[in-house]
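Asker: Take the sequences, apply the hints, and build the full model.
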Amino acid sequence: MNIKLFRILTGEEVIAELLSEDESTVTIQNGLVVLPTSSGTVGFAPWATVIDRGNPELLVSKSHIVYIASVDSAVESKYNDVYGSKLVTPEKKKLII
Numbered sequence: 000m001n002i003k004l005f006r007i008l009t010g011e012e013v014i015a016e017l018l019s020e021d022e023s024t025v026t027i028q029n030g031l032v033v034l035p036t037s038s039g040t041v042g043f044a045p046w047a048t049v050i051d052r053g054n055p056e057l058l059v060s061k062s063h064i065v066y067i068a069s070v071d072s073a074v075e076s077k078y079n080d081v082y083g084s085k086l087v088t089p090e091k092k093k094l095i096i
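Here numbering that gives the first Met the number 0 is used: the first residue of the sequence shown is 0, the next is one more, and so on.
I should point out that these hints are in silico values taken from the structure, not numbers from a laboratory.
The beta carbon of each residue, even a glycine, is placed where N, CA and C say it ideally should be.
Each statement offered as a hint is correct.
Below, in silico cross-link-like pairs of lysine-lysine (BS3-like), each with a Cα-Cα straight-line distance of 30 Å or less:
1) LYS3 / LYS77
2) LYS61 / LYS77
3) LYS61 / LYS3
Have a look at the derived ranges for each label pair, beta carbon to beta carbon:
4) TYR66 / LEU18: 16 to 24 Å
5) SER19 / THR40: 28 to 36 Å
6) SER38 / SER60: 32 to 40 Å
7) SER19 / THR48: 19 to 27 Å
8) SER62 / SER38: 29 to 37 Å
9) SER37 / LYS61: 30 to 38 Å
10) VAL81 / THR9: 17 to 25 Å
11) ASP80 / LEU17: 15 to 23 Å
12) SER60 / SER37: 31 to 39 Å
13) ASP51 / VAL81: 15 to 23 Å
14) SER76 / GLN28: 17 to 25 Å
15) GLY10 / VAL49: 16 to 24 Å
16) MET0 / ILE50: 12 to 20 Å
Answerer: Spelled out as structure tokens, the structure:
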């Protein structure tokens, strides 16, 4: 997955999977809005909460985006907890001789 942070003109910061982009638009899916908490950390809530979950792709105009950035690995891990495949690769067993 290509997880990015999108700063929207409204001030929202949205973490989503970037599917594609062209000169004027980006196509994303599974957006989470970043919300500050009272403890000084951040939380996440669904962005575009009433879209069809069977067709989660959103076409967003680049004219509404301030910037696009990579996310910290801890944030990407949290995103994957929410939207990832939920598959866990077990550690390889090692033979002790």
